[in-house]
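For this one, chain A is given, so just place chain B on it according to the hints.
Protein chains in written order, with the numbering used here: chain A, 1 to 110; chain B, 1 to 908.
Bear in mind the hints are in silico, worked out from the structure with no lab data behind them.
Note that the coordinates shown come from a computational prediction; the quantities given were computed from them, not determined experimentally.
For every residue, glycine included, the Cβ atom is placed at its ideal position computed from N, Cα and C.
Please note: incorrect hints may appear among the correct ones.
Stated by the list, open to error - EDC-like mimics (lysine to aspartate or glutamate), calculated; alpha carbons at most 20 Å apart, straight line:
(1) A:K87 / A:E71
(2) B:K60 / A:E66
(3) B:K88 / B:E381
(4) B:K60 / A:E46
(5) B:K13 / A:E46
As the list claims (entries may be wrong) - Covered by chain B, per the in silico footprint, the following chain A stretches (three or more residues, Cβ under 8 Å):
(6) 22-29
(7) 55-69
(8) 73-84
Claimed, not checked - Quick list of simulated restraints, FRET-style, between CB atoms:
(9) B:M79 / A:N72: 40 to 48 Å
(10) B:N5 / A:S49: 16 to 24 Å
(11) B:M79 / A:R74: 37 to 45 Å
(12) B:D128 / A:S49: 57 to 65 Å
(13) B:A43 / A:D97: 44 to 52 Å
(14) B:L57 / A:S64: 25 to 33 Å
(15) B:M79 / A:R23: 30 to 38 Å
(16) B:L446 / A:R74: 20 to 28 Å
(17) B:L57 / A:D97: 34 to 42 Å
(18) B:A43 / A:G24: 52 to 60 Å
(19) B:L57 / A:G24: 44 to 52 Å
(20) B:L57 / A:R101: 35 to 43 Å
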Amino acid sequence: MSKGNPDVLQGTLDLLILKTLARGPMHGYGIVVHVQQVSDEVLRVEEGSLYPALHRIEQAGWISSEWGTSENNRRAKYYRLTAAGRKQLVKEEESWDRLTRAVAKVLRFA
Amino acid sequence: MSWINRLRGSFRKNELGKQLDAELQFHIEMRTQEFIAAGMDLASARHRARRLFGNQLLLKERTREMDTIGWIETLFQDMRYAIRILRKTPGFTCVAVTSVALGIAVNTTIFGAMNAVLLRSLPYSNSDRLVMVFNSPLKQRQARYGFSMADLVHWRREGSALEQIELARWGAEPNALTGAGTPERVGVEYVTPGLFSLLGVTPFMGRMPTEEASASPDTPNSYPGAALSFEFWQRHFGSDPRILGRAFFVDNAPATAVAVLPRGFDLFGGHPADVYLLWGADDSGVLAADRWLAAVGKLKPGLTIQQAQASLDIVARRLERAYPDTNKGLGVMLQPLQDALFGWSREVIYPLFAAVGFVLLIACTNIANLLLARASKRRKEMGIRTALGAARLRLIRQMLTESMLLALAGGILGLVLSVWGIRLFVMLSPRWFPQTNAINIDGRVLSFTLGISILAGIVFGLAPALRASKTDLNDDLKEGGRSAIGGARHRMRSALVVIEVALSLVLLVGAGLMINTLVRVLHTDPGFQSDHLMTLEIRLIGDRYFDISQDNPSGLSRVTPQVGIFCRQLLEQIRRLPGVESAALTDWLPMLEEQERPTEGFSIAGRTPSRAGERTMALFSAVSPDFFRVMRIPLLKGRPITEQDVETAPWVVVINEAMAQAFWPNQDPIGQVITIHTPAAPGEERPREIVGVVGNVRQFELAREPGPEMYSALVQQPQHCSPGFTETRLHKSLVLRTAIESQTLTDSVRKVTAELAPDSPVFGVQTVRQMVASSTTLEKFYTQLLVAFGAAALLLAAVGIYGVTSYSVSERSHEIGLRLALGAQSGQVLRLVLREGLLWSLIGVAMGLTASFGATPLIANFLYGVKAHDPVTLVLVSLFLITITILATYIPAHRATRVDPMLTLRHE
Numbered sequence: 001m002s003k004g005n006p007d008v009l010q011g012t013l014d015l016l017i018l019k020t021l022a023r024g025p026m027h028g029y030g031i032v033v034h035v036q037q038v039s040d041e042v043l044r045v046e047e048g049s050l051y052p053a054l055h056r057i058e059q060a061g062w063i064s065s066e067w068g069t070s071e072n073n074r075r076a077k078y079y080r081l082t083a084a085g086r087k088q089l090v091k092e093e094e095s096w097d098r099l100t101r102a103v104a105k106v107l108r109f110a
Numbered sequence: 001m002s003w004i005n006r007l008r009g010s011f012r013k014n015e016l017g018k019q020l021d022a023e024l025q026f027h028i029e030m031r032t033q034e035f036i037a038a039g040m041d042l043a044s045a046r047h048r049a050r051r052l053f054g055n056q057l058l059l060k061e062r063t064r065e066m067d068t069i070g071w072i073e074t075l076f077q078d079m080r081y082a083i084r085i086l087r088k089t090p091g092f093t094c095v096a097v098t099s100v101a102l103g104i105a106v107n108t109t110i111f112g113a114m115n116a117v118l119l120r121s122l123p124y125s126n127s128d129r130l131v132m133v134f135n136s137p138l139k140q141r142q143a144r145y146g147f148s149m150a151d152l153v154h155w156r157r158e159g160s161a162l163e164q165i166e167l168a169r170w171g172a173e174p175n176a177l178t179g180a181g182t183p184e185r186v187g188v189e190y191v192t193p194g195l196f197s198l199l200g201v202t203p204f205m206g207r208m209p210t211e212e213a214s215a216s217p218d219t220p221n222s223y224p225g226a227a228l229s230f231e232f233w234q235r236h237f238g239s240d241p242r243i244l245g246r247a248f249f250v251d252n253a254p255a256t257a258v259a260v261l262p263r264g265f266d267l268f269g270g271h272p273a274d275v276y277l278l279w280g281a282d283d284s285g286v287l288a289a290d291r292w293l294a295a296v297g298k299l300k301p302g303l304t305i306q307q308a309q310a311s312l313d314i315v316a317r318r319l320e321r322a323y324p325d326t327n328k329g330l331g332v333m334l335q336p337l338q339d340a341l342f343g344w345s346r347e348v349i350y351p352l353f354a355a356v357g358f359v360l361l362i363a364c365t366n367i368a369n370l371l372l373a374r375a376s377k378r379r380k381e382m383g384i385r386t387a388l389g390a391a392r393l394r395l396i397r398q399m400l401t402e403s404m405l406l407a408l409a410g411g412i413l414g415l416v417l418s419v420w421g422i423r424l425f426v427m428l429s430p431r432w433f434p435q436t437n438a439i440n441i442d443g444r445v446l447s448f449t450l451g452i453s454i455l456a457g458i459v460f461g462l463a464p465a466l467r468a469s470k471t472d473l474n475d476d477l478k479e480g481g482r483s484a485i486g487g488a489r490h491r492m493r494s495a496l497v498v499i500e501v502a503l504s505l506v507l508l509v510g511a512g513l514m515i516n517t518l519v520r521v522l523h524t525d526p527g528f529q530s531d532h533l534m535t536l537e538i539r540l541i542g543d544r545y546f547d548i549s550q551d552n553p554s555g556l557s558r559v560t561p562q563v564g565i566f567c568r569q570l571l572e573q574i575r576r577l578p579g580v581e582s583a584a585l586t587d588w589l590p591m592l593e594e595q596e597r598p599t600e601g602f603s604i605a606g607r608t609p610s611r612a613g614e615r616t617m618a619l620f621s622a623v624s625p626d627f628f629r630v631m632r633i634p635l636l637k638g639r640p641i642t643e644q645d646v647e648t649a650p651w652v653v654v655i656n657e658a659m660a661q662a663f664w665p666n667q668d669p670i671g672q673v674i675t676i677h678t679p680a681a682p683g684e685e686r687p688r689e690i691v692g693v694v695g696n697v698r699q700f701e702l703a704r705e706p707g708p709e710m711y712s713a714l715v716q717q718p719q720h721c722s723p724g725f726t727e728t729r730l731h732k733s734l735v736l737r738t739a740i741e742s743q744t745l746t747d748s749v750r751k752v753t754a755e756l757a758p759d760s761p762v763f764g765v766q767t768v769r770q771m772v773a774s775s776t777t778l779e780k781f782y783t784q785l786l787v788a789f790g791a792a793a794l795l796l797a798a799v800g801i802y803g804v805t806s807y808s809v810s811e812r813s814h815e816i817g818l819r820l821a822l823g824a825q826s827g828q829v830l831r832l833v834l835r836e837g838l839l840w841s842l843i844g845v846a847m848g849l850t851a852s853f854g855a856t857p858l859i860a861n862f863l864y865g866v867k868a869h870d871p872v873t874l875v876l877v878s879l880f881l882i883t884i885t886i887l888a889t890y891i892p893a894h895r896a897t898r899v900d901p902m903l904t905l906r907h908e
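Isolated chain A, as found in the complex:
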């Protein structure tokens, strides 16, 4: 999937993070909460995977980070989608589409 990474789950996590951040800057906790709510509690982003992924995606240049103040007046690190990240998001969405359609076809055939 992304950059030939065979790890579907990791690719999925990247997609979820990028898509969430497409709505605007958000901190790690916010991303977890958002994914959980939007997916009707089906998808749960593991804290143990989230932060390594965020830092890796940031090093890849798709997101940038800065320190800001949260709703309840605490210092929090906000991530923001970069231009390169937007392009990456489009790519990942397309490949996700392809994947789900392919899986659906297989399911229908069987």
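Below, chain B without anything else, positioned relative to chain A:
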């Protein structure tokens, strides 16, 4: 740029860590609040929030990995650890670093010399386009002839592949400068004025005249322009700002200063001239066809040397047809300027490079050995680390980091040492060694040093690292750890010692051969007795002695009879000086530096001139009557030159033994008549009868076999000759046999000369012994360097053998203790250890002898009187090395006999 970020991240780990902590803290607090809102109490809410993160340490570690470059962190870790380990064993670290430093220093020094001479491009603009142009016979393409003025004119017209072509004489020659302050002997180079623009050199002051405005070398009474070197302008003219237009005389010929060259200008990178006389190209003079000049050309931009060569080959064929008299069978050959100037020095530098390479290899072997010994002491440490999960690669990396650290420390120290090394090299190097002023440490030398340091680190670090990482847990962790691997380790160390001995032997053979050469050279009989002999040179200046204006039909100049009168008067007065036993004059003194002695052709009466293959050529000099007696050159047959051999008497000649053997092998040469082909007016050179045979004299250097030579009387010489030959005849060397070698005598000689010939400079005062000694500079230089390298190698090898033997003794102390306890005599133990050491050194010597057969031909050119495989040298050097190795083994062997058997048994 992700990796730059991550690299930066690697250096600010602490800060990143704190930020990550804060980021996670925020997350945990938000969760905690969420849980509290859901009805949990603070403590369990916080606990649950934390648990969501699982292993927080691992999470942080994994996150941080994203922001940093892992191997750099590991490298820092390894380096910290390595420094700690190295500091714990200062003795080992010192020995290792010093050995590498020694090896690196000698390599850097020699590379520095090579860099200055062969690698760095010449300090001229477009130096890659500069070429030397030679005439080269089509049948013998490797032969190189110079250029004539006529050639220059032809090639300028036809050789379109060359943007510009200019001439210079090959290097500066000593001439007398008069008419401006004190007469001084100066180095004079002749060049065409365009040479400076070709090289891209702009004068510091003044400007170069055009070609047309410059006089030709054989136009009489012309006033060539002169470009002064910056240094000479400072020294002789005190940096006079109004120097331009000043007139002076160079060897009687007037010249005018037109320019001062930039500071440090050194035309051919040998020894800079003081004065550059500017000549115009002229193909009409007497000398026009003489091919004695060096041609420097600049290729058209974009042309390769091969393309230019191909294009000029065609021109050469055209010239061959146009000028069959001078150009028949003649081709042209281009050579890059730098290669043409310094290519020969490869022969000097490469063997030295091989030698220093050996020194470094020996140093590396030594350190590898020490590391191996240490590795076995650290077996337990490695075992523990492996047990705790360290990968083999990780251990190798750790070990390599250590050796690399050692190598780099050695490299830095070596670089510092090489500053002195370069100074020493310059001090020892013979005068003719090119570019000695330019030897320094520049970027290329630095990269070389860094490169070989790293290479050395890998060479000496790899084997011990591989060994050390091959751990056998069971064995290594056991207390005492006497393992089976010990044997293999031991074999490896012994192999390294063998290599060390072999390498040292090769170096020592080289040094031995050079010592042998030097001793032989110094004991060579020069053919005359050099002690209590002093010499100085006089250059006769002024119209009294030299005349180019009178009856000058063909550019020949006239030497007046005043020269002969001066010589007679000078000798009369000098002989009267207290302390002078005898005195003589000659126009060519043996082994005087800076002289290019010409050989003259001659024909033998009654023989058809120059039969095919027979070269009737010999060195020729004119001497005063007492010359042979003063020099103590033995008279073998007939009579010497005497006072009776005056101009009007029948002309005679004395020849040396080599000439007698070469041309009259089974005949008595006395009474034979020859005619010497001096470049004189027709008919002025008369046939000469051979009246005596004298012993051979080494004319150039002690290490060169003498060739045929003939001597005439000073006064029996033609009056009109070519300008070059006239110069020779106005230059006299005075030799004095004295009771004492003293300075006061020189002063009185100067005074006498100044009274007789006021404008003529006296210079080059030295004892003949000094002169003879300075003719052996190459042999001395090579001997000193090779002996120094050999000594370094020997020291390193001895330390290595000592180290390995003592280690093996300490490892075997248990076994030795048992032997002693069971009743072995200490002599038997001593023999046991010595035998092993001897075995290694014998194998090493055998390998070294084999290797030296391949290596010594490299220096064959520098040997004199010994063959490259001189058996005596080989045997002596081998014995010497074996003795040293036995000594190095003896100390630890002796210690082995002191092992207390009780201690060993108790330990068991």
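Hints and how they fare:
Proposed proximity of A:K87 and A:E71 is contradicted: the alpha carbons are some 29 Å apart, above 20 Å. The straight-line distance between the Cα atoms of B:K60 and A:E66 is roughly 19 Å, inside the 20 Å bound, and the hint therefore holds. A C-alpha spacing of about 14 Å is found between B:K88 and B:E381, which places the hinted pair at or below 20 Å, so the restraint holds. Annotation: proposed proximity of B:K60 to A:E46 holds, straight-line Cα distance about 14 Å (limit 20 Å).
Note on B:K13 and A:E46: the hinted pairing is violated, with a Cα-Cα distance of about 25 Å set against a maximum of 20 Å. Counting residues of the segment 22-29 of chain A whose CB lies closer than 8 Å to any CB of chain B gives 3, so the stated coverage by that chain holds, three being the minimum. Counting residues of the segment 55-69 of chain A whose C-beta sits closer than 8 Å to any C-beta of chain B gives 6, which meets the bar of three, so the coverage hint holds. As drawn, the segment 73-84 of chain A meets chain B at 4 residues by the rule of a beta-carbon pair under 8 Å; at three or more, the given contact holds.
In this structure the supplied range 40 to 48 Å holds for B:M79 paired with A:N72, their Cβ-Cβ distance being about 45 Å. Distance hint for B:N5 and A:S49: a CB-CB separation of about 21 Å, consistent with the stated range 16 to 24 Å. Between B:M79 and A:R74 the beta carbons are some 40 Å apart, a value that agrees with the proposed interval 37 to 45 Å. Between B:D128 and A:S49, the C-beta spacing of about 60 Å keeps the proposed range 57 to 65 Å intact.
For the hinted restraint 44 to 52 Å between B:A43 and A:D97, the CB-CB distance of approximately 46 Å keeps it satisfied. As the Cβ distance of B:L57 to A:S64 is approximately 27 Å, the hint placing it in 25 to 33 Å holds. In this structure the hint that B:M79 and A:R23 lie 30 to 38 Å apart at CB is violated, the actual value being about 46 Å. Between B:L446 and A:R74, the C-beta spacing of about 53 Å breaks the proposed range 20 to 28 Å.
Checked against the given bound of 34 to 42 Å, the beta carbons of B:L57 and A:D97, roughly 39 Å apart, stay inside it. Take B:A43 and A:G24: their Cβ atoms lie about 35 Å apart, and the range 52 to 60 Å is violated. Checked against the hint of 44 to 52 Å, the C-beta distance between B:L57 and A:G24 comes to roughly 32 Å, which is inconsistent with it. At about 42 Å, the CB distance of B:L57 to A:R101 agrees with the hint of 35 to 43 Å.
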